[in-house]
Amino acid sequence: MSKPPHAPPLVETAGVEKIYAAGSKVAALKGVDLSIARGEFTALAGPSGSGKSTLLNLIGTLDQPTKGTVSYEGRVVSGLSVDSLSDFRLRSLGFVFQSYNLIPVLTAAENVEYPLVLQDVEPGERRRLALDALRLVGLEHFGARRPDLLSGGQQQRVAVARAIVHRPSLVLADEPTANLDSKTGGHLLDLMEELNKEHGITFLFSSHDSAVLERARRVVRLQDGELTADEVRPDRI
Amino acid sequence: MLRLAWRNVWRNRRRSLINVAAMGFGLAAIMFGQSMMRSLQFQLIEKATGSFTGHVRIERRDVDELKFPDKFMTDPEPAASLLAADPRVLVWGRRIHLTGLVSSANMSLGALICAVEPDKERLITNMASYLKEGRYLEPGTKGIVMGRKIAGRLDVRVGEKVVLMAQAADGSMGAEAFRLVGIHETGSESFDGQMVWIPLSAMQELLGRPGQANELAARLKNIEQADAAAADLDAKLGPGNIGAMSWKKIDKEIIGIQAFQDGLLTIVLIVVFIIVALGILNTQLMSLFERVREFGVLMAMGARPRWIVRLLIVESALLGLVGTAFGLAVGSALIGHFGRCGLALPVGDAFKYFMPFPSVIFLRPSWGMHSFACATVFLVTLLATLPPALRAGRLKPSEALRHV
Ligand SMILES: Nc1ncnc2c1ncn2[C@@H]1O[C@H](COP(=O)(O)OP(=O)(O)OP(=O)(O)O)[C@@H](O)[C@H]1O
Ligand SMILES: [Mg+2]
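Chain order of the listed sequences is A and B. Number 150 in this note's numbering belongs to position 150 of the first sequence; there are no gaps in the numbering. One gets this note's numbering by counting positions in the second sequence from 1 and adding 1000 to each.
Derived by calculation from the structure, the hints in this document are not laboratory data. Check before you lean on any hint, since a few could be wrong.
Straight line, CA to CA, 20 Å or less: simulated SDA-like cross-link-like pairs of lysine to any residue [unchecked claim]:
1) B/Lys1396 / A/Ser81
2) A/Lys30 / B/Ser1398
3) B/Lys1396 / A/Thr66
4) B/Lys1149 / A/Val121
5) A/Lys30 / A/Ser151
6) B/Lys1396 / A/Val26
7) B/Lys1249 / A/Asp83
8) B/Lys1161 / B/Ala1177
9) A/Lys25 / B/Arg1402
10) B/Lys1396 / A/Val77
11) B/Lys1120 / A/Asp83
12) A/Lys25 / B/Ser1398
13) A/Lys67 / B/Trp1307
14) B/Lys1396 / A/Ala22
15) B/Lys1396 / B/Trp1307
16) A/Lys25 / B/Lys1396
17) B/Lys1396 / A/Gln64
18) B/Lys1396 / A/Asp230
19) B/Lys1396 / A/Ser99
20) B/Lys1396 / A/Ser78
21) B/Lys1396 / A/Asp87
22) A/Lys67 / B/Ser1398
23) B/Lys1396 / A/Thr69
24) B/Lys1396 / A/Gln223
Required output: the full structure, derived from the provided sequences and hints.
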């Protein structure tokens, strides 16, 4: 990945802290500085409770840090209005969740189309782009199915298609393989890696499964809300 | 969005059907209640005005009892010509009401003597249709028609003679023999046991009051115009001691009953509305609670909170539309059925004392009230969704996504 050294990273957290105040105060993140460049395929590792989901939520602007900032390409997004954040996510981010979270009443193709509906993309264009995305995840023949008629692995592929259909600059995936068996999980990672390599989509995903972490080109380790390691694996580039 | 909303409405088919059924049957019950009350009132009014009162009356303002005016208009003709000229009037007639004595060979009884112009009276009221024996009055004769009960007490039969006595204009007792030509049976105690009917001209002669009457009764083409027509006539009559009034002023007890029923109906409707609203609120809360995580997904995808609120409102509007349509169908079917077949009502007997009253009512739709009910049910559905929808709009995406 060659890029001008002075260009700002795609996303950067600066001194991000998160304290949950429900009941007793829990410091889930204690000052995290992390920057992700365009094109990365990075994993967030760490034991349960280390703060992976919290960090992904903050980067995904689904929650606000207690302290510190999150910025995209040099622009601070923490503190923007609710609607501006919605619009930002709509254009720039894609999400894959542990439990697929497809909308049960919509078909696979309609689920994939959804972000484009929110973007007011014209219906014909919408269908074409959704079909493209489904083709990328190898499910172009399953577009008419409802999620409950798809296997877990297929549902998660649909979720990936939904996360990339609008060409976001970053896809955030919180434990995308945790609900899949290791073989299916491996296939999903193949797919993500291919999308990263062939289509330049930046991925940041979390996992505590070492087989999954193996696949990342960079692994960032979290422990008790702090970054403890940041290894780049040149051998996988 | 409409497509998504429509599918969301039916995602939990059972719950939505229960919701629709609750709304539908609630609305149908409301419409049925409205229609029943209105039809009952309509029939009550029809009977009261149609059997005796008439729609509009002209009589002296200083009478003690509007329903049975006992004071005479010495010259009713100017007022009569007003009625004759009013295009809203279908038919009108002169009347004299006076209490008097009716005697047979072996018995004397007090009675309310109603002297009418027979030709006109059979159009103003339907008393002629209650004749069970004999025939109706004929103008210029000395015939009398009376109720079955009073005839029974007097022990007279059709063709026999009775003597009427009443106080004449000069204060003396006027007396005259009349031949019983017909007997009516309305089922009403006060009609069948107290009233006797004779031709107006015979009465004027008996009382020594040629050309006089104590009321003019008119039937309008449309009873709804009674108030307006009465007001116009009253204005034309001027401030003298003769006035015009609508049946509403005369049959006050019906208006009282109507107000009472309307009040009752309103309370019942409010209760039904509250039940429907609570039911919908409850199921909406449940279904929204189950979908919190989905709202989190939508927000993560970039849906603005307002968009989600709008989606939920559209969903409930669709649900409300389906429920209202269903209720409208069931309600109309019910009303239609009982409009054809009639509905037997035990309360009919209670009114029978005062006037001939049917114990079967035929339901007729009153669309003004029904559309109000439909609109209210629909709005209640929308309003019931508003609080949970607004709450969904205030969710934080990260929290919504954590929701199980
Ligand atoms: N909404 C919340 N309210 C209170 N505490 C929270 C909340 N979310 C997370 N925490 C706490 O913050 C800490 C970090 O949680 P987080 O979910 O980020 O960890 P994680 O690394 O994703 O764990 P896992 O691997 O189990 O998903 C934990 O101690 C957790 O209990
Ligand atoms: Mg987690």
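So which of the earlier hints does this model not fit? Of the numbered hints, 4, 5, 7, 11, 13, 18 and 24 do not hold.
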